[in-house]
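Make a model of the complete structure from these sequences and hints.
Protein sequences, first through last, are from chains E and P.
Take 1 as the starting number for the first sequence in this note's numbering and just add one per residue.
Take 1001 as the starting number for the second sequence in this note's numbering and just add one per residue.
Hints listed in this document are in silico derivations from the structure and should not be mistaken for laboratory results.
From a predicted model like this one, the values you see are computed outputs, not experimental measurements.
Take these hints with a grain of salt, some might be off.
Sample of chain E residues facing chain P (criterion: CB under 10 Å; computed from the structure) [to be verified]:
id, residue
1, Arg-13
2, Leu-16
3, Thr-52
4, Gln-239
Each residue gets a CB set at the ideal place from its N, CA and C atoms; glycine is no exception.
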Amino acid sequence: MNSMWTVMSFTMRNKLRSKSFIVTTIILAVLLVVGSNVPYFIDKFASGDGATKVGYITNEPGDLIKGLEMYYGKQEKPKVELVPIEAAGSADANVQALLQAIENKEIKGYLTFAPNEQAGFPDVTYHSKKMLDTDTQQSLQAAFQEAKTNQAIQDAKLTDAQLKLLFDPVKIQAVQISDNANGKTAEEQGTAIGLTYVILILLFMAVMITGQLIATEITAEKSSRVMEIIVTSVSPLKQMFGKVLGTFIVGLVQIVVLVGATIVSMQLPHNANSFKSLGIRLDTIDPKMLIFAVVLYLLGYFLYAMLFAAIGSIVSRTEDLGQAVMPVTMLTLAGFYIAIFGLTHPESPFIVACSYIPFFSPFILFLRIGLSNPAWWEIALSVGILVASVLIIGWLAAKIYRVGVLMYGKKPSLKEVMKAMKAYKV
Amino acid sequence: MNPLVVNRVVKQYGDKTAVNGLSFEVEAGEIYGLLGANGAGKTTTMRMVLGLIMPDGGEIRYNGKSYSEEQLRMLGYLPEERGMYPKVKLSEQIVYLAQLRGMSRKDAEANLKRWLDRFQVPEYYDKKVEELSKGNQQKIQFIAAVIHRPQIVILDEAFSGLDPVNVELLKSTVKELRDEGTSILFSTHRMEHVEELCRNITIMHKSNPVLQGAIRDIKSRFPREKVVLSADAPIEGLETISGVQGVTRTEQGYLLQIAKAETAQDILKHALAQGPIQKFELLEPTLNEIFIRTVGDRHE
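As structure tokens, this is what we get:
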């Protein structure tokens, strides 16, 4: 037991102090902090920049402009501000005046109207130097639409009651049904999807990065031949588990740093409001989800870490490692992408079936817990299968490891490994 | 009870026998030579002694006890393929290896400093292994093998890649360990080292021990077939003496190949008749010759 701790702390100290680890962690943390400020900056730029100024000639169809102004007058932060430009007499002079206004930065673009008798509504053209951005276009479209509707309604001479009936918006309330009386509201569901997504990515990254790390280290020890001394000092089993545990703690430290940086940055006063307006609130997170996230992270990590360790032990040169870990990488990718697909269909039979397959279940069971409401026995069964596979894979990996670390030369075939496993008694 | 007893061990890989019924004992304070051509089964033998692989037959006893994890800790191993962590500070990895063998961190650090002083390289303590020359890495590797004061040390090609000065330095260290009572299992292709260091040897060939015993006894079993002769004046007619198989002129005189030891007396008489002799010696076979004969003969 003692030497396992020695291996663990040696692995840990070397990794935590290595430049590459420190640099990667800092870069990732900076990216995350910047990323968590993005909603704030979007808000800032969107509102601070104010409305797009759109010019028009004062003698244009009066009703229409009045309708537009009424529409924007009702809005708190209109995206478009209408700027009247004095008519200059002739059409050419008008255009000149409008262009001059653009030059003077009084307006960004201007509207012209050409009568269209057939449609009963003038053709509208927007002129500007830059492309019309979608925000402004949608805003103008909606404004004209309303103006047009109002015009039509006025023509139809409806009563107020009829009008109210026509315009009262339809309301759909979304509430997720759950065992406990208060289900998740739409807002909580949004948070749940976001959180599930974030944790899935974390889980995936943790498994991939630390798994690769373990495999690389073991292969490096083999190719630098340090392995021969190590395996004569400590049993391969203890060495492998020491390594897996040590790297686990390294991975954990990295995750804690990254998540910590993100949460702190999200809680900063200026960011907190932006996230709230997006419907992301940390205090609505279901603690059950977090507990399962930790449990599944642990199980998933050990399952994959031991696979990676076994593969690392078979390969003798780091150049060959990439190819050798490919199948495991594929397995992780498959689990991750199935889970991403499941974000929108958490109860499809395919997803439910996958949540019992050990290599996928860390991702997919979490997805189901986060977004649907699996029965407790479903969770228990899936976790049970996962725990059993961790034990089986651990035992198998230890056996492969025992044999693999002493095999040099070309990458052995599966048959050779099996044969050697019989020759060495663990 | 000798510290290391190997008793009729057998190891098979599939249908291939890697070691076939090998027995030997290493006393305390003895360097035991394990010789053999490449692929003769030396590495397999050492791996069995190290407990990396279990013998299929026979047994290995350490101080009379069979293999266990505690026994591992009194072993020291210098593998033929050298290896350290290239990017880890030297002190850290040596202390780590010593800790794995059950030494406390403090003891290991103190011991390492002592060893570095002994090799006159105390400044290496904080260096990374990749910064050191090959020969110096070798010394560090040696320290790693003996830092925990093992009772049994296994040295596989201990002196390869070292310059003569460092070979002497390491050789004297190995002798010192022996004099302190360490049992050393020594494997090399350099016969002159074996002759200098070992009392008993085993020569292995194709998995079988073909020659075993004290070097002196082994040598006496092989006939003396070489005569060195030097005189002031050239000596004529050496080829004509019956029993002389060949004569080679060297800078110092003559080297004669003879079939029987008695012929040497005839040569001496013949030479004395022609003038004063400066040097006459009936050479005993070198270990190198014995090795080539034992192993080479069976190659056909």
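Hint check:
For the restraint placing E/Arg-13 at the interface with chain P, the shortest Cβ-Cβ distance is roughly 8 Å, inside the 10 Å limit, so the hint holds. Violation of the interface hint for E/Leu-16 is found here, the shortest Cβ-Cβ separation to chain P being roughly 13 Å, above the 10 Å cut-off. Evaluation of the E/Thr-52 hint against chain P yields a violated restraint, the C-beta minimum of about 57 Å exceeding 10 Å. Below 10 Å, beta-carbon pairs count as interface contacts, and E/Gln-239 has one with chain P at about 9 Å; its hint therefore holds.
Hints 2, 3 from the earlier list are contradicted by this structure; the remaining hints agree with it.
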